[in-house]
Amino acid sequence: MIQIAIYGKGGIGKSTISANLSATLGNRGRSVLQIGCDPKHDSTRLLLKGGSIATVMEYIHDTFPEQRKLEDILFRGYANVGCIEAGGPEPGVGCAGRGILSTFELLDELGIDQLDFDVKLYDVLGDVVCGGFAVPIRKEYANSVYIVTSGEYMALYAANNILRGLRNFDSDPPRVAGIIHNSRGMENEYHTVKAFADAVGLPIIASIPRMELFAQAEKEGCTVIQKYPTSTPAFLFDELADHVEKVSMNNASLFSADPLTNEEMEEIVLGKVKESGQNKKYPGFDRKVFRHEIPEVKKRSLMNKKNHFFTKNVKNKQPLQGCSFAGAFTVTSRIADALTIVHGPRSCTHIASHFLTSSLINASSRYGTLPSGMEGKALVSTDMDDRSFIFGGTEDLIKCLQEACIKGWHTIFILTTCPSGLIGDDIAYSASTVKKMFPGTDIDPIQVDGNLAGDFSQGIIEGYRALSNMIDPAIKTEQYLVNIIGEKTLSDNLHSNFAIIEELLRNIGIDINCRFLSNTTVHDIKNFGKASLNILAYKDDTGRVLKQVISSKTKAEFFELPFPTGFNETVEWLELIGDRFDIGTRINELIDDERIAYEKEIKSLRAILKGKKVLISSFSTDLDWIIDTIIDLGMVLVKIGMAGSPYTDLRSKHIGILPLEYDYSAEKRQHDIEVLGPDLVLSNYPPQISTDGAHHDQIPFSPDAGFHSGINMARRWSKLLRLPVTEGWKLDGVDVS
Amino acid sequence: MTLTADAFTGSLLAVEGIRDATVVLNGPTGCKYYHSHISDKQYPKASSLDPLGYTEEFYFGQPRIPCTYLEGQDYIGGGTEKLQRILPAIASKNNDLLVIVNSPGASLIGDDLKRFIDSASLSKRCIAIEVETVLCAGTSIEELRRSSSVAFNLVIFPEYGLKIAKWYEERFDIPYIISQEGGPVGYDATEMWIEKIACSMSVDPSKAIEMVKKERKKHYHKISRFYSLTGLPKGATFLIKGDSSVVLPLTKWLYEYLGMEPLGVKTLPGMCSGTERQIIDLLENIGFADSWNNFSDDIPVDVVLADGHTVKMMSEKKLCRSGIEISMPSSGYLNFLPRTYIGINGALFLLEQIFNGLRRMP
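As they're listed, the protein sequences go chains A and B. So for the first sequence, the working numbering puts the first residue at 1; every next one is plus one. So for the second sequence, the working numbering puts the first residue at 1; every next one is plus one.
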C-alpha cells in the first residue's frame with residue numbers, strides 16, 4: 001500500500017489532478033481511497049458526479065461518539081474510489097488545521113486501517129502551514145509527496161513552503177516524489193516551473209496543459225479520464241499513475257526537501273497571482289448511490305475502538321466539567337518514580353499543581369498523612385507561549401525531555417493541553433526522537449489535548465489507559481494479594497481511607513499488591529498481575545469505565561463491591577471477601593466485635609435522636625451508609641432530594657421504599673423544610689441562614705471508609721441538635737448565594 | 001510544588017480585582033473552575049459554596065468568571081454560538097464593566113470578539129483584552145477613572161506596578177516614585193521608602209521616620225531578652241523565595257538586623273533584572289554567594305518565607321520552625337486581623353512570626 005499526499009496552493013487544481021489520478025488508478029483495478037483535506041471539501045466531487053458528501057467535520061458535530069461509523073463518512077465514487085472529505089469551519093473562524101487533526105483521529109478510531117486499499121491519496125491545502133494541515137505528511141501517513149504548482153509566483157511560493165514544512169518533519173528517508181506542473185497557459189510558464197524545480201532539485205513528473213476539456217468534464221461533474229479517456233490529459237494522467245506505481249514498487253527515486261530562501265525565490269521566479277474559479281453545486285445528487293459498501297465481517301471489527309471507555313458527559317455530549325488534561329495529571333502525578341511533563345502554557349501546570357499540592361496539604365493537616373518522597377513534585381512545564389503557539393512547541397518539548405533524561409528519570413509521561421493539541425504538535429515524534437538518544441528511558445505521550453479528549457473524568461480514564469499498557473501480562477498470580485483500583489487521588493482522605501481498607505484486609509490475612517494509583521511505583525504497575533483480585537475504590541461512572549479499561553488489558557477478576565462506607569456496607573463487603581478467599585471464620589470474629597461496639601453506640605445515641613425528622617438534599621449518589629444510620633437510630637427520613645444532572649441516579653437498596661425526588665433545587669429544599677418540618681437537614685452544601693428552625697449538617701463528598709463512618713456522623717448530629725439552630729454570627733451579614 | 005501562575009491567571013485576577021467589573025472567560029471550564037475559586041476567595045461574592053446557587057448556564061455552580069465552556073467542536077468551528085449568547089446573558093445581571101478574556105486555547109481559534117460585543121450592543125461597557133493588563137486590588141471603575149488626576153504614582157512592587165506607572169507617565173504625564181531598595185519590607189527599607197517619597201514630593205519625612213524609630217525602640221526589649229536566653233535569632237537560618245522587590249529588602253534586613261543566615265534565596269519569574277543583580281551582589285558581598293538560586297524545600301531550616309503551599313508543606317513536614325507567606329498561592333490560612341508584611345506593621349508581623357517560630361524546638 002502506498003500513501004500519497006498531493007499538496008499545492010489553494011485553487012491550483014490539485015483536487016482535479018487528485019481525482020483524475022485516483023480515477024486512472026481505479027480504472028487499473030487498484031483499490032484507491034481519496035481523502036480531501038481542504039475545508040472547501042470539493043476534492044472528490046468529480047468522482048461523485050459533482051455531488052457533495054457529508055464531511056467528517058459535519059459528522060463529528062452532529063453525531064454522538066458512540067454512534068459514529070465509518071460507513072457514514074466513507075463513500076464510493078467512480079472506479080470504486082473510496083471518497084472522504086474532512087471539511088472544515090466557515091472561513092475566518094475556528095481552526096481548520098485542528099479539523100484535519102480530528103478527521104485523522106476519527107478515521108483511525110473507526111478503523112480505516114483495517115480496510116484494504118492499494119493507494120491512499122491525501123489532497124491537502126498547501127498554503128496553510130499549521131500543524132493540522134501537516135498531519136498527512138507525518139510519517140505514519142504519506143510515503144511520498146507530490147507538489148502541484150503552476151508558473152505563478154504564489155503557487156511556486158506555496159510549493160516552496162511545502163518543501164519547508166517537509167524539511168521540518170524529516171530528511172530521512174526522502175519522501176518528495178516531484179512536481180506536477182498544472183499549467184495556467186502563461187508565457188514561458190514551463191520554463192519558470194523548470195527553473196524552480198531545478199533549483200530545488202526535483203523532477204517535473206507531469207506537465208498538464210490548460211485545456212477546455214477539463215471545464216467540459218467538470219460541467220458534467222466527472223473527471224477527464226471518465227469523459228475523454230483518449231485525450232492528451234488522460235494520457236498524461238496515465239503516465240502520472242505509472243510514476244505512482246513505480247514509487248510504490250520502489251522503482252522511482254524520492255527526493256529530500258531542499259527549499260529555497262525567499263531571496264532565491266525572487267531571483268528565480270517572476271509572476272503574478274491569479275484568482276481561481278469557484279465550486280459548483282450539483283443538485284439531485286443521491287448519496288446512497290455512492291455509499292461505500294463495507295463487508296459485514298469488517299463492520300464488526302470497525303466499531304469505534306474507544307467506545308467502551310467514554311465517561312457519561314462525553315458520551316452524552318453534555319458540557320464538559322473540567323478538562324481531561326487535569327484528570328490525566330491526577331493519575332500520572334501519583335507515580336512515585338515517574339516525571340510528568342506538561343506540554344502547555346504554565347497556567348495549565350499552575351492550576352493542576354495547585355490542586356495537587358492543596359490536596360496533599362489538606363491530607364496532611366486534616367488526616368496527618370505526610371506526602372512521601374517526590375509526591376507532588378515530579379512535574380515540569382514546557383511553558384508554551386505565543387512563540388510556540390505560532391511556530392510549534394516540539395523543540396521545547398524535546399529539550400525538556402532531554403533535560404529530564406539527563407537528570408535520571410527513567411519513566412516520563414507527556415500530557416498535552418489545549419494549545420499543544422490545537423496546533424497539532426507531534427509529541428509522539430518528540431518522544432521517539434529523545435528515546436533514540438536515551439533508549440533506557442520510557443517516554444509515554446498521553447494526548448489528552450486539554451479538554452479535547454473530554455472532561456476531567458475522561459482524562460482520568462486516558463491516564464489509566466496509558467498506564468495499563470505498562471502491566472506485565474506474564475506475571476504469575478498469588479492467591480492472597482489484591483489490587484486497589486481508582487482511589488480519588490485529590491481527596492483529603494485518600495490515604496486515611498486506604499489505611500482503613502488496608503487494616504481490614506490485613507486483619508483477615510490479605511495483602512495489597514498495587515495501589516492503582518497512589519504512591520505507586522513503575523515496578524508496582526508492571527507487577528499488577530500478581531494480585532488475584534482487583535478492588536474498585538468507587539463504583540461510580542469513572543470506576544465503571546476504569547474497570548473496562550483494565551479488563552481490556554488483563555484477565556484479572558474484579559470484586560463486586562467498592563470501598564464500603566458505614567457499618568452495614570463494611571459487613572457485607574467483608575463477608576463477600578471472606579467468601580471469595582474462603583476465610584469466613586476470621587471475618588465473622590472481626591464483624592462480631594465491631595457489631596457489639598456499633599450496637600452499643602447506636603443505643604446510646606438513639607436516646608437523643610429517635611423520632612427526629614431528617615431531610616436529605618444531595619449531589620452524592622451513594623447514601624445508604626447515611627440512610628442505614630438514620631434507620632438504625634430510629635430517626636424518620638422525610639425525603640431524599642437528588643440535585644445535579646438527570647444522569648446521576650441514586651444507588652440505593654431503599655429505592656421504592658423511601659420518598660425520593662430528582663432535580664432537587666435549593667428552592668424545593670426550602671419548600672420542603674417549611675412543609676415537612678425536619679429537625680435535621682443534610683446537604684452537601686448546607687445553606688448559611690437557617691431561620692427555618694431546622695438544624696443543618698453536611699454530607700461529605702468523599703466519606704470515610706469502614707465501620708465507623710455513619711456512627712461518627714450520628715455522634716455529630718446528637719451534639720448538633722442540642723446547639724442553637726441559628727448561631728449569632730449568621731445574623732451579622734447578608735446571605736448571598 | 002506549585003508552579004507560579006502566568007499572565008493568563010494574572011489578567012483574569014487583575015480584572016476581577018476591579019469591584020464593578022466582571023470577567024467573561026472565553027474558554028473551557030477547566031480554565032474557569034480554578035480562577036473562579038481563587039477569585040472568590042479573595043473577593044467573596046457568595047456566602048456559600050453551594051453550586052445550587054449558580055446553576056444557570058455559563059456559571060457552573062460558581063459565582064465568578066462565567067465562561068463559554070469551549071469544547072472540541074468550538075475549537076474547530078469557532079465559539080460563535082456561545083459567544084452570541086453569553087454576553088447578553090451576563091450583561092443583563094448588573095451594570096458591571098464586562099471584560100472578555102481568551103483562554104490560551106481560545107486564542108488559537110481567532111474568534112472576532114469585537115464582532116460579538118458590537119452585535120450585543122455592548123460596545124460602551126464591554127471590552128476584550130489580550131493577556132496583560134492593569135493589576136487592581138478592590139478598585140472601582142470610578143476610582144480608575146479618577147486615577148489620571150493624581151500628582152504622583154507610587155510603585156510599591158515594580159514587578160506589578162512599574163509597567164502601568166510608565167504608561168501613566170507617558171499617557172498622562174504623571175511621574176512615578178520607586179525605591180531602588182525594593183518594596184517597604186522591614187524597618188530599613190521602609191525608612192528608605194518613606195525618605196524617597198518625601199524627597200520626590202518635597203515633604204518632610206521626619207515624623208514618619210520618627211514613628212518607625214519609636215516602634216523599633218518599643219520592641220527592642222523583647223528581642224534583647226529572647227536573645228539573652230537563646231542567642232537567637234542570630235545564626236538562625238532562613239530560606240526565601242518571592243518577588244525580587246520583596247526578596248532584596250527582606251534578605252538584607254534579616255541578615256543585617258537579625259543576624260540570620262540566608263540558606264537559600266530565589267526570585268520568582270517576572271523579576272526585575274536590576275533588583276535581582278542587587279540580590280546577587282548582596283549575597284556575594286556577605287559571603288553567601290552559594291545561597292543564590294538555591295532553594296530546596298527538602299532541607300530543614302529555621303524560617304521559610306515563600307508561597308503559601310511551600311510554607312504549609314514544610315511546616316507539615318516539620319522542616320521549618322516558622323513559615324511566612326510572601327507570595328501566592330495562599331495556604332488558605334484565614335486571616336481575621338488584617339496582616340501585611342510591608343511597612344511598620346509588616347515588620348512587626350515578620351518579627352512576631354520569626355520569634356515565635358524560633359521558640360519551638362528545632
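These are calculated hints, taken from the structure and not from any lab test. Keep in mind that the hints are not guaranteed to be accurate.
According to the in silico footprint, chain A covers these stretches of chain B (three or more CB under 8 Å from chain A) [stated by the list, open to error]:
| hint | region |
| --- | --- |
| 1 | 25-31 |
| 2 | 97-105 |
| 3 | 306-314 |
Sample of chain B residues with no beta-carbon within 12 Å of chain A, all distances over it, derived [as the list claims (entries may be wrong)]:
| hint | residue |
| --- | --- |
| 4 | Phe8 |
| 5 | Arg145 |
| 6 | Pro205 |
| 7 | Met211 |
| 8 | Lys213 |
| 9 | Ser224 |
| 10 | Gly231 |
| 11 | Asn294 |
| 12 | Ser331 |
Note that the structure is a prediction, hence the values are computed from the model and not measured. Every residue, glycine too, gets a C-beta built ideally from N, C-alpha and C.
**OP:** Please name the hints from earlier in the document that this structure breaks, with their numbers sorted from lowest to highest.
**Re:** Of the numbered hints, 4, 12 do not hold.
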